[in-house]
Amino acid sequence: MWIQPKELLLPSAFWIAEMHSRYFVLQKRRGHGESRGFGSMLVGTYDSVMNTKPAPYRILHQTPSSEVSYEIAIGITQDEIVKDWEWLQANLFKVLDEMENEDEVTNFTICKIQSLYTQNNQDDSGESADFKVMKSKFRQIFKMPEEERLVNSYSATYVKNKIPRQGQLYISLNHVCFYSYMLGQEIKRIIRFAELEDISRNANTIYLKTTNNMTYNFTMLFNASEAHQLIEQLNKMAIQQLIHDPDSPVVDHDTSNFARLGAKTSKKPVLLRDLTARQKSEEFRIYFRLPQSEIIDGKIKANIWTPYSKRFNSGFIYLSPNFFCFRSDVKDLVSVVIPMKTIKSVEKKDDGQQRFENQIVIITSENVPFMFAHIVDRDVLISKITDLLARIHVPVSRERAKYDISWSKQTALMNTFKTQFSSEIIQKQEEKMVRWEAHFRDFGRGIGMFRTTDVINLIVEGIPDKLRQEIWLIFSGAIHDKEMNPGLYEDLVEKAACIKNCFAHDEIDRDLPRSLPEHPAFQSTDGIGALRRVLQAYALRNPQVGYCQAMNIVSSVFLLFCDEENAFWMLASLCENLLPDYYKDKVVGAQIDQGVLNELVQTHLADLHGHLEQLDVIKMISISWFLTIFMSVISYESSLHILDCFFYEGAKIIFMISLQIIEWNREKLLQCQDDGEAMLVLQNYLEGIYNPEYQVPPTTDKRKQERKVQTQTVQTLIHEAYTKFGEEITQQRIEELRNKHRRLTMRQFDIDNEKTIVKAYVQNSYFTRSELHMLLTIIREEKHALKSLQQQQQKAPCPLSEVPQLVPQSPGRANHDASASGSRHEAYSVNYEVFHTLFTELTPWRKCVSVDIGEKLFRLTDKRGTGSLDFGQLINALGLVCSNKNMEKLKLLFVLHLPPLLSKAEIERSRRPRPRTKDDAEEAFEAEDFFDNDASESMEALPSPSDHNFDADDFALISATQHLHNLAGISGNTFMDLSRTPNLSLNSNTSSLAQRSSTFYVDLPALQGTAPSTDAGRDEDELQRELRQQGRYESIDTFSDISDLGAARMTPPGTGAGADAAAGAASAAAADHMLLNVETISNFSQISDLVAATRLERADSNATDLRSLGSLGYLLDQPDEGASSSQHSIPHMRKENFQLLWRSIIEIMGLVQDEEMQRAYENLLELGNSNIKKEPSLESFTQLNMGGDEQPDSNGNPTTPAAEPIGTTRLFVALEEELRQASGKARTTTTSSGDSSSSSTNISESWHISISQFIATVLTVNSIVRGFQTPIQISEQIEQLQKKRRKCLSTNY
Amino acid sequence: MSGRKKSLLKVIILGDSSVGKTSLMNQYVNKRFSNQYKATIGADFCTKEVVVNDRVVTMQIWDTAGQERFQSLGVAFYRGADCCVLVYDVTAPNSFKNLDSWRDEFLIQASPRDPEHFPFVVLGNKVDLDNRQVSTRRAQQWCQSKNDIPYYETSAKEGINVEMAFQVIAKNALELEAEAEVINDFPDQITLGSQNNRPGNPDNCQC
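From first to last, the protein sequence lines are chains A and B.
The first sequence: position 467 = 467 (UniProt numbering), numbered continuously.
The second sequence: position 137 = 137 (UniProt numbering), numbered continuously.
Treat the hints with care, since some could be wrong.
Below 25 angstroms or equal to it, Euclidean Cα-Cα: the simulated DSS-like pairs (lysine-lysine) are [said to hold, decoys possible]: (1) A/Lys1284 / A/Lys162; (2) A/Lys94 / A/Lys137; (3) A/Lys349 / A/Lys301; (4) A/Lys668 / B/Lys146; (5) A/Lys1287 / A/Lys783; (6) A/Lys94 / A/Lys6; (7) A/Lys740 / A/Lys759; (8) A/Lys619 / B/Lys48; (9) B/Lys146 / A/Lys759.
No wet-lab data here; the hints were simulated from the structure.
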């Protein structure tokens, strides 16, 4: 990378020359790369401490006679610098050699490099060379993926164990990292933003605490506050992301939005500038209540002329694409919002006395002038405004044609349902109107009014009914959203009306009469209809929220004073801006704010706090205060006043009023003994709040009239709240507290979840309670880590206004359980990647390298082929491997080395590790050609754990069987499922399962009356009979039929020993078994289970063996499959698999095999040989067929023949034929290796040992027994892994 | 709280949204029915003095929000409950099906000392309506399968069975307390069975 040439005086200190020419030298920094001498160590430390972060490579230009050299290029990698060097070589060396004067050489070079530098940096991202170096270092040190973007880095000191370490703090979008290199000792720390529990700063030190109770403190000489703010902001983004989309908790920043601001301060990295802009934008938006899409474009100092006070007030002008805003320096003195589209003209005013005051006058479409003076950069401002005005996009306010005449927009309900007020009240209202009119005259009316403390005073006294709509719309900001989306509401209403059977709609309908039942408007269809439309439209607009109780109450009050569309937009701004995340799942926003309230009580009402905390009362009482802005707890006439203030002040008013309520009842609360009493105190108090200016005639509400003891007027309540807490509680403070409690609340959710899950699994056989907790923690962490890698590429979700679509809610309340307790568990189910990481990091079997045991174990455990394991399955799998049950562990290991878990292809691969050759590829290609439909596509899309088992061999087999099916007259489609893997996604799996089971039974009805759909209800006898009948019929459809056939043969109808005895369970178990079989057709990997089923209660397996096998199966099975799996026994193992198994054992033991082991190995080999001889008659057909039906070349899949019964039917001959042909075809294209190996494999095919033989022999070897008996403390392993992650030691990350 | 003789019973009412929890509570406490209740947000609360076994007890009745997204708030309310009333609407089959998950959720969150024998009472509300969809037999079967939970069919509107059901509730809650006192004489930790380790299994409803 070329840089601006820099003069250097000490060209060689710290650097080693790598290449020389006459005028140039390429140098490498000491302390980089392999050299680990003392010198390099010093340099490394120096770099780290002094915060010089030079690139490791550079090129200098030197002239022999000059002392001065010039740095002209730097490089982060050797390749990069060599490229520059080569360019020099090609272009400059010759030219320079021809020059005589050294000065000329230098001038020419510098000129050339400068032009190169400018040329190259034109299209650049604006990142300085320094920052690029920093970035690449960050990636190298912490092994971060390309997508993880660095925001900035700071020189910092990390103090641990009282030893300060000077180094560099890197802040990227999702992590805080620290690196220091002191005298040979390297320290790395990685902290994810999402896992921060506490962030605080004290002077120059930033303290961080993570969810797993690690604390860090970094001291910074400079920029500590900037770093702190950055950490807070990124943490906030991370947690918000977690709330909005728990599946992809990764912050990805879209820069394009924020590119405009702050071009002047180019010293800082781009991303940092963006983030700052984002932060500023947010504050700006919240303050002026602008739509979420508004992004601040810049601010300029200026004074505004306020006609009502006849003076200039200083402050700042803020510009955003659609708004021109002003805010005074003095808080709440004056502010103005002018929508750009209403600006008619902007003029400089340079005449009269104010000639030198840099004035401008803005005139709006309503001919209201706004005068600004002392504008710091007037011309820039004017050009900027012109710019923005040119770009402004005014949405076409089309009067859309009405498609649906079944509804019309309801106007404010108070007009239709007039309340009979007493004359006093009417008079009072009119007085207020007069004052408001006067205010409008002075301060203007509409969006562009001067917003001053005067207006607050008016609002606090209550807005007159007639003005409520207007004022609410303006101060809530809803008016902007409405104007930007004309016609959207009608669209939504009509779309929503078309949705049928929607869960949210049911909920809405249930709550319509329970919103504001005391008001006559909501006892009529007009009011109810309008409320339904508003709520349904909003559920459609924002599917993440849908419908939440409390929204109905709030909306109904809106509808009283506003027309329907306005009420909708007010609801939208309530849910999206004013009360963020309040109505989402778990009403998370409200829960966060309860945390904030709790803390506010602690600071402002310290004496009460302890008492209330003890009663645990705050959480209980305040949720409805927040969600309905007091409307559900005090009479709506009184709550209107609070609502008036709420739109002006935002959530702040809720906190103020809450504090005031608690404070008012201080004495009574202090005397309360339990939560109920406290609740009662507050309830009585709240019910007694009344509004003398808005007294509804007593007839409407008898119930309250009787009980109510008037306690306080709402006016006093509001007034007191302002005087006591108005100053101290600011929006900013609330935001800060919210950040903190957002972290804590989300953390609390996690803790609660964990507790519940642990409770559910605490009675497992492997782990203690605390170990379960740790496991859950590590699962959560690993999932996050993995997701940050995977999903970084994905873009942030679209803004919600663009997707007015309802997420298809699963019908009915049936999802209650699935989503409530189901999602809780789901959050801790692991997919293959996570499982594999956990397996390799936590279990002792990671040492096994030649076979990927983790993958096998996953497939074995994931019986249902969902691609993920639930926590119970995970416990069983990991638990057994870490336990001290040596026998079970050995058996598990045996099973894991059986086909099809360990396929032939893998054996081949592990024997001679090589990349896939061209031949293989061709083979596969041809096989894919063999059936030219989408099956091959689904093969392409196979997820990882199983794909390499499905190669050309299987295709040949599948296609062959397909032919076989055609022969038997069965539609080939059924069998295509074979090519699917066990790792299908849940959905497709269940659907294909359903499809499969129906085709599976297609020809059964001919045999017996049972319809396929009833199979779940069948009892055991029926099942048995069916199997038998099937057997007699000898029509072989699928593999599973084959096995069923086998089972039927095995168990003579009379005695029925096998299945009867082993199953011995209720009908459910039988049905389960049935299901298992069906599933197995697709789960190719589980054919072994089928085989097992056919070999029930074999003669050679003794009783104890079977019992422990059952327990093995049980341990690895899902609990509900436990019963059926006890039927399974384990097929024999062939030689290749056995050899690998032995290798795995040695690797797991981690030692060279001793004499005893060697002897055992030979014994087993011998045993296998002797098994060949005693094979016939007594042994079952399965075994017999193991050798016989195997194809003569290595392409054959070992599992097929194993599943065949002895009475090979006509169809089977055909199958064999097909297989031969298929493989023969493959062979002709490949080399002749198949033929030569065929004879040798043929011999080893018939070599086999049974599991009992294996176990019996192995258990005689002391070292193995000892090795497998040692249990592993999972907690230690987890701690180690966590440490590793923190310190970035693992390469796995 | 263990040793103290309680004159206070905490009763939690659970059930789907709009099955009539608030109405039941108000019918019992105030002997009044109104069709003008707002949807309960968070929780509502009433107390009533009752005489059970010649003893005056204060009954604290907690009425909860039915919508699912409020469930995570339940923990605070469930704590220290003496009895749990599960309410469903006899005209809404779904509200009956969900009794299972309400019960499980309560047992998990409240973690009572003896989940096997914690006093529940099931109320099938709105029997005054014509379009009944859940049969008495079905409901009784379910209650039997859950360790013989007492079952009553009520109408908050007409006041049918409400008084009686709450009497039983109070009695059962007091019995639990009496047992607890006996148990408290022994060292801590007596956990019988494990009713609560079957989360996420909606199929065990035998209906």
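Hint by hint, here is what the structure shows:
1. A/Lys1284 / A/Lys162: Measuring from Cα to Cα gives roughly 22 angstroms; hence the hint holds.
2. A/Lys94 / A/Lys137: With Cα atoms ~35 angstroms apart, A/Lys94 and A/Lys137 exceed 25 angstroms; violated.
3. A/Lys349 / A/Lys301: holds, 17 angstroms
4. A/Lys668 / B/Lys146: violated, 42 angstroms
5. A/Lys1287 / A/Lys783: holds, 18 angstroms
6. A/Lys94 / A/Lys6: The given pair, whose Cα atoms are some 23 angstroms apart, holds under the 25 angstroms limit.
7. A/Lys740 / A/Lys759: violated, 29 angstroms
8. A/Lys619 / B/Lys48: With Cα atoms ~24 angstroms apart, A/Lys619 and B/Lys48 stay inside 25 angstroms; holds.
9. B/Lys146 / A/Lys759: Roughly 20 angstroms between the alpha carbons, so the hint for B/Lys146 and A/Lys759 holds.
In terms of the numbered hints stated before, the structure departs from hints 2, 4 and 7, listed from lowest to highest.
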